[in-house]
Structures are given as C-alpha cells and as structure tokens.
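Listed below, chain by chain, are the residues.
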Amino acid sequence: MNVLAKTLGFSVTLLFVFMGITYLLPQVEGEAPKETTIDLGSLTMDTFVKLGDDLFHGKGACTLCHNSLGRAPDLLALNAVDVAEERLADSRYKGKAKDAETYLRESMLDPSIYVVAGFGKKGSNDTESPMPIADKPPTLFSTTEIDAIIAFLQSRDGNQVTVALPTEAPVKEDAPAAPVLAQSPEEALNKFGCTACHAILESEAPVGPNLNNVGSRLSVEHIRQSIVDPNAVITKGYTPMMPDLSEKMSVKELEMMVKFLADKKG
Amino acid sequence: MGTGLSFPAKPFRLAIAFNLLILLAAVFMWLAGNGQFGSITIANATEVVAASVESGGVDAEEAGAKPVPAPKLTRADYPNIGTSSRSIVWIIAQLHLFFGALVLAVPIFVLLIEYIGFKTGDDRYDDMAHEFMKISLTAYAITALFGGTLALALFLLYPGFMNYMMQAFGAQMLVYALLFFLESALLYMYYYGWDALRYGNKKWVHLTLGLLLNAVGTTLLVVANSWATFMMAPSGVDATTGAVVGNIWEVMKGPLWNPLNLHRVIANVAFGGAIVGAYAAYSFLKSTTAEARAHYDWMGYTSNFIAILAFLPLPFAGYWLMAEIYAYSQQMGILAMGGILAWLFVVQAVLISTILFAGNYYLWCGMSRSEGSVRYTWLIKYIALILTLGFLVWATPHNLILNSKEIAALGGSFHPILGPLGIMPAKNIAVFLMLIVTFLSFQIYRRSNREITVSWARKGNALLVMIYVVAIANVIFAGVYYGYFTNTVYKVGSSVIQVSSTLVVIVSGVVIDSLMFRGSKLLPSTWGKVTNASQYALFALPITFTWLMGLMGYVRSSVRSHWHVYTVVKDNSADNFIPAVGHVGMMVTLVTLLFLAILLFIFWIANLSGVKQARPEAMSVEGSTA
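From first to last, the protein sequence lines stand for chains R and E. Sequential numbering from 2 applies to the first sequence in my numbering. Sequential numbering from 14 applies to the second sequence in my numbering.
Chain E extracted, bound-state conformation (with noise of 0.2 Å):
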C-alpha cells in the first residue's frame, strides 16, 4: 500500500475544469473592462501618459489622463431577455454565497479539531475533521461553477455596471482567480493527503497546510467582500463625477469592508457549523447500529456546538456593521432599520428566534446522555419562558416609516398598546436576555456529565449566580432607563451597557467553569442516547440559518436602493425598485429550496463514497474456480 498522495482523477479533473472557467471569466471581465493592468489614478496619471507618448506617440489627452466618469445607464443599456434579470442574479449569487460560506468556514472549524485531535491523540476528532472535510471537499466545485455562471450573467446582464467595477477593481480580478487556483491546491492537498500525513511530523505538515488553506481561503473571502462593500459604500471614486480615482487599495478599504469581512467571517462559521450538523443528524437518523448512532450523536453535537458558539458573538458584529452604515449614510440606515426594509426585521427576529428555540431544544434533549443532567432540568422551564417572552417582543412591530398604503393595512401608525414594546430599547432587553439564558443552557448541558469536586464549588456557584443576576439587571435597567427615561441620544449608549454585560457572562462563564471543572468526575455519559426528535432541531438550524442568510444579505443589497454603486452610478434597469416583502420571501424560499436540493445531493455523494459493492457471488465462485 502506497503512502503517497493519491489524486482520484475525475473528480480532479472535474475542479481543474472549473477553475479554468473562473480564470477565464476573470480574464474575460478583465478584458471587456479597462484593458489594462489596473486602474489608472490621479497619482500615476501623469506616468501613465508620458508612458504612452514615449511608447508611440499617443496623444496625451487620448491616453485618459482624466479618470473616466461614472456611466450614466439608461434602460436601453440593459438587455431584455424576456425575464426579471435581477431574479437571475439573485438566485445564482445567492447559491454562490452559500455554498461559497460552507466551503471558506468549514476549513476553519475542521483544522481546529484536527488540531484538538493530534493534542489529545483521539482519532474520533481527526476521523470527524476529515469527514468534515468531505462534504466542503464535493461543495467546492459546486461553489466554482455557480461563481464562474454568476460572472458570466452578471456580464451579460449588466455590462454598463461591470464594466464600472473593472475600471474600479481591474486587475484585482485576475489576483481573485490566482488565489482560486491556490485555495484548490491547498483545499486537495489537505483533503486527500489527510491519511498520508496523519501522525508526528508529518501531521504538523498538514496542519500546516490547513492553515495555509484558511488563509487563503479568508483572503478570497475578504477581497470579494470588497466589490459589495464598494457598491454600498464607494470610496476611492470622485464624489461627483464618479471617476474612480484612487488606487485599488483605496477603492477597496471603504468604510464598511471591515465589518462586513468581521460579520461574514462569524457567520460563516455559524453558517458551516449548522450545516455539517444537518449531515451528522442526517447519518444518525439513518443509521442502524449503536456505534453508529454514537459516532453521529457526537459528531451533531460538535456541529452545534461550533454552530451555536458562533451565534453567539454574531449580533455584535451585526451591531457594528450597521452602526458603521449610519455613519456612513444616515440615509441608507434609516432605510434599513426604519423605511421598507424595516418589515423584514421583523421577520429577522422569528428567525433568529427559531435558531435560538432549536439550539436550546437540542441542549436540553442532548441533557438526556448522562443521568448527572437531572440536578439542572428545573432550569428548562424558566429559560423557555425568557425565551418565548423574548421572542414575542422582538417580533413586535413598531414605528416604521409608513405611506399611505401601510397605514390602511396596519389600519394606523402605532398601535396603542404594543407601541412600546416595539422599540429598539424593549427589542434589546429582549434579545440580550434570549442570548444570556441560550448561554445559561450551554453552561448546563456543559455540567450535566461533571461532578465538580473543587473545594471553592459553592463560592464558584455562587459567583456565577451573582454575574447572572448583576448582568440580567444591567440588561433590564440599562433598557428601560436609557430607553424611555433618558434623550433619544443615550438610546444606542445602553446598548454598549448591555453587550458587554452579555459578553462578560459569556467570557466569565466560560473561564469559571473551566476552572471548576479541574479535577471533576466524570457522570457516565452515553452518545446516541437521543431522541429523533432531537436531530430535527440540527435541521431547523441550517434551514434557518440559510434563509436568514438570504434574507439579511437581500437587505445589506437592498440598501443602495435605485443604485448600483451607491451615489455614483444609477440602476434604470427594469428591476430597480425595492420589490414587496412577500416577493423577497418568496425569492428567499426558492434559493434556499434550490440549497437543500443540492445539499442533499452532496450529502448522499459523501455518504456514497463510503459504500463498496459486494463482489457478485457468481464471479465471486467464478473467480475461485478459476
């Protein structure tokens, strides 16, 4: 038996294909934009002409010293084919992004256990990062096809608007497509030379490559985020003429590119983390024998786990981004948070709801592994309540800006009872305190299987009591004091009050707990010891998690309104209006559908991998005769 690495040819084969058409996409839209090897800016300018005339004798003037102006499309530039050309690209963008954030994220979760794995020398971690592994592994070159066909229709859709982008963005296409080559590279090495590198120093080499892999992978992610950042918030372009005039450095490095790469980067993981469990629940659901059940009980926990604690630090970074898009345009946040967009936070908070209800549900039926688990289950009850009383504020409407159409359907601007409930400081107490008691039901599932036998145990408990209890408070009287009492000024103050409040039960119950759990004894603990109905809350959790995806990427896109680059070049497409909230559900429903449907298909290509056929008995006799 060989100990080199081996390449399965056709599935090869089959990337190499697909990465040639992102290169020549990327060559394509290159070509068809600018035609030459980056921008030229008001900095090199000058060069670029003394260039040209000392090369040929072009006229200076003709040498485009003046940085072109924005296009001022009109709606004969758009090709009518007949159908809604911006439904196109919504469904194959959307596609790309999912499977895109499965295969950036699911690398970082799994060199992380693999790394846990070689540390603790238990093959079940690096068995379970390799099985990881092969579902981002068949995802990969599905995530090219849809970037490559997203390239070409965008192109063909909009080729005023991407010829703009390649004069803004040049050559940092090419750069793109080069680290596409290098992220397969990496993503095949890691993948197939799993088992040639498994053990001493050759495991610190693939740990090495993992690494580089996740670098990679990050940087693909990060200079993509900044062609969506820039059409939000546009920098390094002339404020009135919309030239673009900076280097790329600068076009890139727009006001909301951070936290946008920060919020992604998170979500991803999440996103990735609640996928790989909806394998795990899957293959235990199917699964006959005991051991199996195990292996996929373990495997769905550790998947929610990632998924979960993930989650958690989500909203800040949400927080942040959009705090950073009122900076940058008040106009464009109370679009968001105030103006028609508003409506679909509101369908925001069911499903960050849902994911909170599925998480917790599959905790406390997780409890059920170890007997130890009865000392905590009184906990349950309460922690439900907070959270369908959470739930049922932050899904209360409020204050939208409303026409005259809205009004006759609300039947009136603010309804009188529930107004209060409706505003942003309510909304915050509520989903501070959801995200507290979420992390209250980690704490215990953590505890469920220890008997901590540290002399300090009760001073312990005690602390960790008092931080809930001082953080709940904080929570509630920041709240209701910067809320309602205080100038609408202090409003967004109390919500630093309350994050931090939150985090420091996060940060503190964590550390404390690992400390406690020092020298604890370990509660006979038995994996696969679920009910079914557990692993359907590890499905509620990526279809939540996808549709929320769509929905919250629909709204950041949403935002530039009537503008393909925000202030500097006008969308008069025929689909240039902000379409109802049942359309966009609609729209959202029929990607993520098209997701599962593929999902299901990567799912059973992972599952098939691992099934030999029986040798046929007659050949098998034939053979024995022969």
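So that you can see chain R by itself, here it is in the shape it has in the complex (with noise of 0.2 Å):
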C-alpha cells in the first residue's frame, strides 16, 4: 500500500473514532427559549403554575445554579415560602419586601439587596449575587413571567399561591420602556445599588467608604468625580472596584445625587 493510503486511512479512522465517541453520549439539543403567547382568557392558576415551572426549568435556565451542587440555594429542595420568611427576618435583610411574594420578586429583580450567605461573587464578602437580573439580558422574564415563577414556588409544598392572575397582556419585549428616572436621591442611590457597597441611607454595608459624613470629606467635585469616574481616586484602605455607571444615569439623577451626597455631613 502506498504512503499516501496508508496516512489517509490512518487519519480518517482517527477522525471517525472521535466522531463515534460523540455519538455514544446523550444526544440532547438545547432549543433557544420560545416566547410563549398567553391566553388570559382560558388561563388558570394551575396552568399559570405549570407556565411558572417550564419557565424555570426552561427559558430562565435556573436549575443551571439552583440545584444540589451548591452554585445557589436549591430551590427545588426548599420550601421557598418558609426560606423567603426566614430571610425576611435576618438582620442583614436590607430590602422593602413584606412577605414571601414580594421577597421572591424583589430576589429576581434586584438579587444583590441580600444575598444568602456563602452565595455571593468571589471576593464580594456575600454583597453582590452572581444572579442575573430577571427582566433584562440574557433572560429577559416579563412580569407576567416573574409572577409565574412565583407562583410555581409558592405552589411547591402545598403554600397558598398569593400572586394575581394576569389580567393585561404583557408589555411586549420588542418595545422595550423607556428607562424610569428616579425622582429622588434615595431612589436613585437605591436605583444604582449604591447601598450593596456604601453606608447611606438603611445601609450599613463596609464594601466602599461610608458615605454618611461623605459630605464632610469631599467636595461637590469630587463627590461627582467618584461617580463619574469611580476609580480616578481610591480612598486609602478600599479596592478600585466600583462600576462606572456613569453611561446608565441621566445627568439629573447625577446632580440630584452629588447634591445630595454633599450635604451628607456625618
């Protein structure tokens, strides 16, 4: 046999090996997320539970971190109802939620405003969730979704499902709202998550410099420069790791702010 045949043959049975050993593991293809049309009219809670639950396991993907190997709380082995309860009651609960629903929401809405402990992003000192934020990219849950995930958890152990029936349809994902502004300084801080990291207003989180006396110690400046501009000057003792939101905010939230800020003098 010539030189040729032979390193051909040699080569493409190596390739084919390897294509065979593709083929002895599971052939599972990971269909992209289907935007599912909801019929008000003939939905009811069961099916609304049932929407909740494909969701989770589907669209949202959050069996990839909620499950047994200790990425996130295993939600599937708690019950989420008694857990959200108990969270409420921690000290270290900074949120506005009252009772298990808005818990849930407010956990896939803004995950940083408590995060469990030992779940946090390396380094965060459990301030910062790893979480997405459940309405925007990659997962893109529209509040009739979010209410469906509640429901299945709440639905799970034989809770009370709490949360409404939609009754609009809604807001399609293609026409995405325009950006709420905040309307005061506390909203806006609250808005930015300044509160994760700084002590200001209810927080007394130790990540970044206590912002209580910030008023004190900067001037108008440079209160708007550490916005803007978060790492042109770190204060001694502290890591450069605040982000630049500086693209995100209007330039009335940033004066509304600083101003603020400023007036806060210890």
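Think of the hints as simulated: they come from the structure by calculation, not from any bench. You can trust all of the hints, since none of them are fake.
Computed footprint of chain E on chain R, listed as stretches where at least three residues anywhere in the stretch have a Cβ under 8 Å from a Cβ of chain E:
(1) 4 to 18
(2) 61 to 67
Non-contacting residues of chain E with respect to chain R, defined by C-beta distances greater than 12 Å in every case (computed):
(3) Pro328
(4) Ser527
(5) Glu630
Partial selection, computed: residues in chain E whose CB lies under 10 Å from chain R:
(6) Tyr339
(7) Ala340
(8) Gln343
(9) Leu354
(10) Leu357
(11) Val363
(12) Trp560
(13) Leu564
(14) Lys583
(15) Phe590
(16) Ala593
Treat the numbers as computed from the prediction; the structure is a model and nothing was measured. No residue lacks a Cβ here, since even glycine has one placed at the ideal position from N, Cα and C.
From the two separate chains plus the hints, produce the assembled complex.
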C-alpha cells in the first residue's frame, strides 16, 4: 500500500473514532427559549403554575445554578415560602419586601439586595449576587413570567399561591419601555445599587467608603468625579471595584445624588 | 545568476487577486454597515451633529446624534436558502480559522529556527525554516480565499447581525484589510527573498522582515479576535438598548479579548508545529534515501518539539480564559462547564489525552536514535501507566446538569462509584500529572544522547528527582485536600498550587538540564533511525489538534446560546438552538476532513515545486545535433 493511502487511512480512521465517541454520549439539543403567548381568557392558576415550572426549567435556565451542587440555594429542595420568611427576619436583610411573594420578586429583580451567606460573588463578601437580573438580558422575563415563577415556587410544598392571575397582556418585549428616572436622591441611590457596598440610607454595608459623612470629606466636584470616574481616586484602604455607572444615569439623577451626598456631613 | 528578488508571476498575481477580494469585501461590509468612517459615539456625537448641520443643514436629530439601538431580528430577517445557514458559515469559518492559524503560527517558529541557524552557522536550520515557510505560503492564498468567502456568506445569510457588527467595528474592518495587504507583501518578501538575503548583514534584513511579518500577523489575529470576543461579552454598548456607545477601542477591549489572544497565539504555534510535523512525517515515509530520511526525521522531531512545547502551557491559558468567562457571566460559564455543553469536555479529555499519548509515544520511539537511551527506558512503563490512569479519570463524567431526557439516557444523575472521580479536583490531579510525566518524557529524550560530565551531576539529578517528587505530592495533596475536604470556594484555589507545581517542574527541569549539559559528551545518535510507526504519531497530533480546535471553537461560540451578540442581539434564525453532541462531532469531522484534503493538496504542491522534469532523451539528442 502506498504512503498516501496508509496515512490517509490512519487519519480518517482516527477522525471517525472521535466522531463515534460523540455519538456515544446522550444526544440532547439545547433549544432556544420560545416566546410564549399567554391566553388570558383560558388561564387558570394551575396552568399559570405550570407556566412558571416551564420557565424555571427552560427559558430562565434557573436549574443551572439552583441545584444540589451548591452554586445557589437549591430552591427545588427547599420550601421557598418558609425560606423567604426566614430571610425577611434575618438582620442582614435590607430590602423592602414584606412577605414571601414580594421577597421572591425582589430576589429576581434585584438579587444583590440580599445575598444568602456563602452564595455571593467571589471577593464580594456576600454583598453582590452572581445571579442575572430576571427582567434584563440574557433572561429577559416579562412581569407576567416573573409572577408565574413566583406562583410555581409558592405552589410547591402545598403553600398558598398569593400571586394574582394576570389580567392584562404583558408589555411586548420588543418595545422596551423608556428607562424610569429616579425622582429622589434616595431612589437614585437604591436604583444604582449604591447601598450594596456603601453605608448610606438604611445600609451599613462596609465594602465601600461610608457615605454618611462624605460631604465633610469631599468637595462637590470630588463627589461628582467619584461617581462618573470611580477609579480616578481610591480612598485609602479600599480596592478599586466600583462599576462605572455614568453611562447609565441621567444628568438629573447624577446631580441629585451629588447634592444629596454633599449635604451628608456626618 | 541574479541576486535580486524574483517573484514567480502566477502565484503572486493569484495572491494579489485574493487580497483584492478581501479588500472589496471589507469595503462592501463597511458601506453596507454604517456608511460612515467610524461609529458615532456619545463622546463625538455632538461634533458629528454640528458638522452635519454646518455642512448642509441636516437636521440634528436626523444626523443620528442618538446611538442606534441593537436590532431585534425576526425569523423573516434571515434569508431562507433551503439549507442550514449556520452549517455553511460553520464550515467556511472553521476552514478559514484552520488555515489562518497555520499561516500565522508557522512564521513565529520559522523566525526562531532561522535565527538559531544564523547564530550557529548550521545551514540545516536555515533550509528547514525555508521549507516550513513553503507550506505557510501555499496555505496563505487559501486562507484569504476562505476569509473572503466567509465575509460574503455572513453578509448574505446574516445581514441584520452583520449590519450591527459594522456599527460596532466600522472602519476597523478597512484597517484589517489593509493589514492583510501588508502581511502579503511581507510574506512574499520574506519567502522569496530567503536566498537573496541569506548571509552576513543581509541576513539581519531578512530576520527583520520576519519580525515585521510576525508583528503584522499577530495584529491581524488580535483584531479578528476582538470580533469573536465582542460577540461573547460585548463592551462599549448600552446594556439596555444594545446601542454602540463606546469608541472602537472600548468595543475591542472586552473582558475576554486578551485571554483569547493569549490562548490563540499559543494554540496556533502548537497547531502549526503539528501540521509541519505531519508534512515531515509524510516526506519521511516517502523518502527512499538514508539522507532524506535523516533530514525529515530531524524536521519531524523539531516540529514535534515545537508542538508539544507550545501545548504544555496551553491548559494554563485555557484556565484563564474560562475564569474570565465565569467572571463575566456565571451563567455562561456554567452553561459551558456544567450545562449541555459539558458533554463536549468529556470528548476534549479524549482528544487531549490522545495528543499526550501521541507526543509521548513519538518521544519514546525517538529515543531509539541513540544508544544512550537504555539508561532511561525503564521509566517509560511508569509514564505510560500514569498517562493511562490520568486519561481514565479525566474522561469520567460526573455531575452534569441533566434534563429528564439526559437522566433517562444516563440511567441516573450520578454514577455511585465513579462519581468522586468525575469532579474537577480529580480531573485536575489527572491532567497535571499527565503534563508532568509528559515533560519527564521530554527530559529523558533530551538526555538520551548525552553523558553528563559536570562534577555535581549526582546532586543535580537528586535535586531534579526531589522537585518531581514534591511537585507530584503537591498536585495530589492540593487536589485531594481542597477538592474533597474543604468548602467549594477553595476548590478553585487548589488549581493555583497545582499549576505552580507543574510550572516549577518544567522551568527548573529546563534550567537544571541546561546547566548540567555544559561540557557533556555527545553519544552516537543517528537521525533517520526510527520506526515508520513513530511517524504515525506525527499524523495523530495534527489530526487531533485540528479536531480539538474545531470542537473547542464550537464550545466558545456556543456559550452565547441563542444570542448573536450575548445579551444584545438575539439570534432568531432557524438555527438558534444548541445542536446535539453527535451533530457537533459530525460537523467537526467534516470540516477536519476538508482541511485534511486541502492540506494534502498543499503538501503535494510543496513537494512538486522541488521536482524538475528530466529533459526528454529525443530532445536532448536533437539539441545536441543541432
């Protein structure tokens, strides 16, 4: 046999061995999430809960982390309502939720507001959650879909479902609403997650410098600079980790926060 | 005989034509994109508007002061050509990447070999480097051809997505095309000027050309990488609307750009080394004279040396890339390593183990060139044992995220006995031990034809043994203790100890050996005295490398799941799903087969250029009587 035939035969055989191995493994396709159309007229609580179940396991890919491997609390092994109530009673909890339903919604829309001990981003000392925000990319849940997931989580273990069935069609995803501007400095500070790291308003978070006396330490210009270019000057003893939020806030929001913080003289 | 540069007209014209095609494609892409030189950014939007108003009374709002949101594509935005658009782009893109990797990698080590030849005065190095470049040169035109075809295919099949990419990258595409021209000019000058600039000061000119060629080639690589990493982790865009708001630099320097740059440069060198190794093996097997066998045996050895040396640090670059993917998006990282794509890492284990087996086997066979190797052959069985056990542990699956179909197919979520061997700490131990013993093969190969004469030889050997023992103990202890007896958080930390231990073995092994080799006695060694079977290891390497590149490139691309540009431009085409593992295997095999077929054509062309037809007898007689 000539050299070409031998070498080609060897190479092609090896290629087919590799291909054969891939066929020995489970053949599963990862389907892209399908846009679901909800028929409000025929919607019952059972079908709403089923929708939440499908979203939890499908589009939301929640089980990638919420499983028994310790990446995030294993929601399917816990009684979500009991756990929510325990967390509301935790002294570390600084959110605004009052019951299990609002806690679960808040956890999805603002996951960093309360991070379960041991599940925070590496180096964040459990002040920052690795969970993506449910109504933002890549998950992009609608309000109705978030409610469906809450209903699904509540319905497990025989808990009462407190979420109301939707009565209006959800806002279409391809027509994003204009960003809602914060109306007060307190609202702006919460909106941009300042309280996750800084002690300000009700927060006592120690990750970033205390802002309750920032007005006595920094001038108005320095406060503004610290927000639009957070790493320009780093307060001694802290690491440069603050995100650049300048492109996400309006001028009005920025100035509102600067003025508010400048008045904080401790 | 002239000493000036001579350019064979036909291939040169062909290459120019391909480059013109690339340039035209780039201009077309740019025109079809934003139609203006560079993206409008928030920073320069005001000036753009002001300039527009000044120049002709265009309304400020119409001038596009507001960044354009990312498109929301529907199924109707994708042309239906009756077959899978993804498959077409997949094949063309992967072929372009294979040839691109070869073309960019070969000049890197060719320059090094040429420099060694220049410094040592050994013409064999220079001749070999020149021969390597012959392969790169032939592959260059094919790379350009596939690049141009890829650009046209993308615009034809994914117009909406490409329009957005043009908004993001704009004139950078033109710069890319111009760099391609520069690369062509340097490549041809470097190759065809080889003999004209061979000795003395002229050699420095030639080496400088090689350096410039590599600089431009690497720039081309990192520019193209920025497109891929932008799609995975977009930067310089508004998170809510997807509008491009940053300048070109902000768009390029995403969090994954540099990890991918490093990973691809190293991988390309390993890949290039393996491909030219196959060329040497093929030529070795075809050789009929002892002289030719010796030449190609030496060339094959050098190629394998390059491939394995570049391959050893590759896992570390891979760790960095994956760590950055996790840091950017935990969801994306978990999809790759613990979700549906995790099955492919089982296949990756098989492939990398094949590479290590082939590399080691070639070295063991190569030891037969020197009689001095008998001192070390007893170690081979232990190395083979560790490689085999390492492979078995590495390929053991454990805790993938399973859906009901997968659980049914597997018969349960976890295997009760093999479970503990399937987790990362066990795999890390296996991988690092395999790397350490591969380096040991390398080291005993290098020592085979030497008799060490330094007075501290015993102490030096004892030190080396101690370093191996401590490193192996470290790798096992860190993996077992941190992996099984501490909190999850510390598991990742254990790999730092393991990486450091492995690197210490490699670096200290090279340094100590270099010192011990001073004044050593060279034992008789015969190039060409290897078995034909050893040459098949040199085929296994590029076949496996190519398949591995195809597979991991697919994984890197697939972590975006149903997004063209992650979180910004959704993929709503008919192919927006993650295909089954078998389909991926079939596609990668198909592309590798095509690559192999074209590569054989390149080898044939490269050999053909050295063949000279003998003057027919009749013409000779006729000529002599005329």
